[in-house]
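Chemist: Protein chains in written order, with the numbering used here: chain A, 1 to 333; chain B, 1 to 333; chain C, 1 to 289; chain D, 1 to 289.
Hints in this document: simulated from the structure, not taken from any laboratory. This structure is a prediction, so every number in the text was calculated from the model and none was measured. Incorrect hints may have been included.
Claimed, not checked - Result set (DSSO-like, lysine-lysine): computed pairs, CA atoms no more than 27 Å apart in a straight line: (1) D/Lys-92 with D/Lys-261; (2) C/Lys-267 with B/Lys-290; (3) D/Lys-138 with D/Lys-106; (4) D/Lys-92 with A/Lys-290; (5) D/Lys-106 with D/Lys-267; (6) B/Lys-24 with B/Lys-290.
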Amino acid sequence: MDQASKTTDHPPDLSVQLGPLHLKNPVMVASGTCGYGEEYADFLELGQLGAVVVKGISLRPRPGNPPPRLVETPSGMINAIGLENVGVAAFLTEKLPYLRTQQVPVIVNILGNTVEEYVELATRLDGVDGIAALEINISCPNVKKGGVLFGTNPEAAAGVVRAVRRATALPLITKLTPNVTDIRAIARAAVDAGSDMLSCINTVAAVAVDIFSRRPKLANIVGGLSGPAIKPIALRCTYEVLQAVQCPVIGIGGIMTATDALEFLLVGARAIQVGTANFINPRVTLEIIKGMERFLRVEGLENIGDFIGALDTRCVFPFAEEACDLETMMSKE
Amino acid sequence: MDQASKTTDHPPDLSVQLGPLHLKNPVMVASGTCGYGEEYADFLELGQLGAVVVKGISLRPRPGNPPPRLVETPSGMINAIGLENVGVAAFLTEKLPYLRTQQVPVIVNILGNTVEEYVELATRLDGVDGIAALEINISCPNVKKGGVLFGTNPEAAAGVVRAVRRATALPLITKLTPNVTDIRAIARAAVDAGSDMLSCINTVAAVAVDIFSRRPKLANIVGGLSGPAIKPIALRCTYEVLQAVQCPVIGIGGIMTATDALEFLLVGARAIQVGTANFINPRVTLEIIKGMERFLRVEGLENIGDFIGALDTRCVFPFAEEACDLETMMSKE
Amino acid sequence: MAMVQDDARVVDQQEVAERTFRLRLRSERIAVTARAGQFVMLQVHHGTDPLLKRPFSFHRIMPEEGLIEILYRVVGRGTWCLSQCSPGNHLKIVGPLGNGFTLPEKDDRTVVLIAGGIGIAPLHELMVQLTSNLQADKRHAIHLFYGARTAAELIPTHLYSRLGIMVHCSTDDGSSGYQGYVTQLFELMVNQERHRPALLYACGPLVMLYHVARWSLAQNVPSQLSLESLMACGIGACLGCALPAPHPDDPMTDSYLHVCKDGPIFKAGSIAWTKLQRQPTTPQIYLYN
Amino acid sequence: MAMVQDDARVVDQQEVAERTFRLRLRSERIAVTARAGQFVMLQVHHGTDPLLKRPFSFHRIMPEEGLIEILYRVVGRGTWCLSQCSPGNHLKIVGPLGNGFTLPEKDDRTVVLIAGGIGIAPLHELMVQLTSNLQADKRHAIHLFYGARTAAELIPTHLYSRLGIMVHCSTDDGSSGYQGYVTQLFELMVNQERHRPALLYACGPLVMLYHVARWSLAQNVPSQLSLESLMACGIGACLGCALPAPHPDDPMTDSYLHVCKDGPIFKAGSIAWTKLQRQPTTPQIYLYN
Ligand SMILES: Cc1cc2nc3c(=O)[nH]c(=O)nc-3n(C[C@H](O)[C@H](O)[C@H](O)COP(=O)(O)OP(=O)(O)OC[C@H]3O[C@@H](n4cnc5c(N)ncnc54)[C@H](O)[C@@H]3O)c2cc1C
Ligand SMILES: Cc1cc2nc3c(=O)[nH]c(=O)nc-3n(C[C@H](O)[C@H](O)[C@H](O)COP(=O)(O)OP(=O)(O)OC[C@H]3O[C@@H](n4cnc5c(N)ncnc54)[C@H](O)[C@@H]3O)c2cc1C
Ligand SMILES: Cc1cc2nc3c(=O)[nH]c(=O)nc-3n(C[C@H](O)[C@H](O)[C@H](O)COP(=O)(O)O)c2cc1C
Ligand SMILES: Cc1cc2nc3c(=O)[nH]c(=O)nc-3n(C[C@H](O)[C@H](O)[C@H](O)COP(=O)(O)O)c2cc1C
Ligand code: FES
Ligand code: FES
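Starting from the given sequences, assemble the full structure and let the hints guide the process.
Modeler: Now the structure itself:
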């Protein structure tokens, strides 16, 4: 069902500029779904991707939650991994060296339970060779504020971002949670506090239970919903965030195909991240990149930039002009 | 695959008490998905249901949004009907008489754009024969507060509930929106303001766009996601709400089968509403009731009440006792 | 005339034109009450994705055999899933739904049917009914104008001409019949031959229907147009299938019809054509994976 | 030994015991490097529900033919979908995954395999490999203890006895072989006959594995147990398939293994059995619709 190309022979230009970051294409792998990159080495060359966002890193290693940590739901899955990670020290010595050998921008997702933890992480990652940007995961409980998530309150979110901003010269991406009343307010707060970009969304809080054992399906009871089920929510969040801020926005949530990815770009996202889909098809990101190229060719576009934000929300009444006399006819009928 | 019954011959008791309401079973049809009841007359006897919640009623008739009003998404759908309804006057003269002939409790879902509208609606419905309760849809924009939804703010929600409470002696159900940071706070506010019960959830805000025409798939751009995709979110909201309040809670969201329905009861919901599933199978509510009966038989339960809230969240370590000496063995290995 | 939900058995499925399938289903309960122009909501898949049933018009109704046929084109995931099912499978079905065509009272006048693409689907049963009690010579007063993008998309027209009616074909690319739009062919023929239809039936893409509606209003010829809309329930419960209608009193106030209840057959004047908005176009399935 | 993603063609599917299917797939790239005890992630459905691939062990590996076999029991929606596919269908597959069994270095000692229910799946390929270079008389030193709930769930055991090994069956209801749990039968036989296995392999329900682990630790007999966990990726990326492990330094600190990378084959002492939590039980599919 391939259609003939309308354009000339050179491949369409997929490169995007995200503030200070230049990416060869807008397709990244999302934090927590590609490990530290190496896990996918058998399936793809990381260098073909726009960027790799590594599993969220904390100051000290974290063992994560007890199992069960996963459950499948209609067109989605819930995870409660509990932010298991090797900690920043092991990341720098054991994981980063491999990533450095790949020709791909590495974005480090950071998390903490106090502003100080975020700051110390940023300080240790600042200026390290091979790190392109930091993504601040603000969907973490603030232990000093009774465990309320940083990302659900504009001041708390701004507090983290502002402190991290002072600690590093690296480009900053703040990753927004959808579990809020007004995502625009959090977006504005993060940008005002110095975030260069935003990424949205993190997972949607969710529960699953088993009627036979009468037990929660996750040891942690509550987990994060991801996958195709949340794509409409993620698109709405991206749409809202783009109404509130001027900075580049990275769309995330339920992207399985090039069509899904292009939907986020249409709404105005400058790049996208693929999460859960990697589990189902470890080569999905390459297929998405190829699909985007074909789309641009068929649509006769030479740059992906020409499509980003092209959403047309005006009402179009195709028969309104001609049909003026129709009304008169109809009143006679 | 039917299993033998463990109990005696009389059918299990599905009846539930919801504050002042006694229902013959916990299965209702959700507002906006069963019209005014009559639409399903060819498929089922309404009297077999626990209750019918009619399409949201406003003071004056509403034409609704321009089309397209619907779009399908992975395991879900988004609607932007725009609360089209006949208005309270036509409801009372044209729709209620039919419902009165059916042996089923009728719950009227009410909506408005000012507190005064809700109050006038409640006043006109108060004491009307054939109405069992009011469900207050607070997912409506408050025109006096710049269009912020009543349901996203505890004070605004409480304001509506308190005013309606004064206007009617009917049992009040407040229908919560999931599009908030802390649904517990809204739940508490509604109950403190006099709501007898809560129902949760209404639809999740969502967007869908078409990359070919570059247009939103809904004329209204943003709509409400429903169906199986949101079930894990609805279960989480129900779980959270039940931690915050003592009153009966009605679970809604993505219920397609008896298993789904029982999951909400397990978490503690006293009843459930079925929405989108009615579109896919107009007899689904009857199948759910039958499935619940079979479940109770197989589990050896005589009353659905014995299952409600039976969720066991304690950690169980089946091998912990016996295995004490195992640890010692292991240290030798 | 009650609506029922049934578990229909797939009896046969054939690809009859490019990406176009004819599906024969056993459903006694629906076959006995169905009328031309009505439709069913049909399950296309087991499981929750695709979630919703899909609406399809009756292509043939065979009450004696307890069978119905639908004719559909694969345009997306739902119709693709449907094309994968084979004899013996069971599909949940709800119907018959909607108002259906009204047959002409007198049978001696010129009747014109206009079909665009898959719009031929509901017109087949209509043609069968229009001709069933008619003497052979009178059948010539029934004209079918049938257009498609290209010859490969046309259902073989001998199926219709053997009913005794006059068939006039067009294709956008000229690969079969007149080159151009079917509405152009229709206007051309009607102007040339100067026999004016007493009644118009049409089904096809929205622009085609719009041109038919214009002509029918301008010429004051009654018409019955089969319209579409996205549907969730098909039974009037979701209010999702709205189309703008002229408001009886105030043209500035919005008013809507519901295709599944008030239609899918409408006369030209029932739709507020000026208020119709452009809807997202049909995706090419799986084009970008 | 690289993992690959392949598009495997279904060659054959047979129901070999109650709700138990043997599926033969063509995947040259996986067949050539696969080892006994490893597994694949297999697509069970086209579309997004069920969403995730499902893990299945290699039941047979036929590198020359480019074929692999899995043996699975229908326990939920995913395995039900899988049971519906027929020769000619294509399924996405990722593998080979995990560590696999280690074969004994010397081949003259008593080896015991214990299978509970569908736990027989990975042991078949293991038995084939254990016996392949062995003279007939030495094969008697290999014992398979194979238990199921009832006779109908047992795979016909001549498949194993014709390999020359000793097969001992049990069923919970006594409908075939010893009545009782397979671990009881094993302990009984071992105590009676007083020949102590030099090596234990086991796959089956968690409680069975726990009893095998206890015995192996108490008797100081090395064991290789095939464990399960819910999986999303199967390649070490999601960290979802955790099982508690004894912490090297501090028993109070949590530490986890990942079944897909560190396993699925573990020795008894690698798992912190005391910290294992009860997980929701297997649903009876479609019981309550
Ligand atoms: C009353 C009525 C009768 C119909 N009769 C026929 C028929 O006889 N034969 C036939 O081939 N088609 C018929 N259709 C159209 C048919 O329902 C759609 O082609 C089908 O639903 C597309 O499903 P999909 O999953 O393949 O496409 P999707 O992937 O869902 O969408 C593909 C395209 O089809 C459109 N579409 C999707 N769902 C619907 C829907 N419920 N109604 C209308 N358009 C839709 C979308 O806007 C999109 O542009 C009828 C529609 C209606 C409303
Ligand atoms: C390494 C490994 C190898 C396996 N090998 C085999 C095999 O050879 N043959 C076989 O029949 N089964 C095997 N299993 C189990 C098999 O993966 C599950 O039975 C299957 O995934 C259930 O899918 P479902 O959709 O039918 O069930 P669901 O409806 O998803 O769930 C039914 C039950 O199966 C359990 N389950 C669901 N998904 C998984 C999963 N990914 N891993 C483990 N349990 C799960 C659930 O806890 C639930 O109790 C293996 C599992 C693992 C981890
Ligand atoms: C198993 C798993 C682990 C995740 N871990 C992290 C994490 O460590 N940090 C983070 O910011 N997001 C994490 N996420 C969220 C994803 O990066 C992504 O935002 C979310 O899954 C939505 O995208 P998707 O629908 O494409 O998966 C994780 C998601 C999953 C499924
Ligand atoms: C088409 C449609 C119309 C709806 N109209 C209303 C309404 O008028 N008032 C209301 O409170 N909820 C309305 N809802 C929300 C449902 O009552 C229900 O809360 C929601 O759909 C989630 O349940 P479900 O997943 O079972 O559909 C509507 C939902 C749909 C799909
Ligand atoms: S499709 Fe639901 S009202 Fe018409
Ligand atoms: S299944 Fe993903 S890490 Fe093991």
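Chemist: Which of the listed hints are broken here?
Modeler: When the structure is compared with the hints, only number 2 turns out to be violated.
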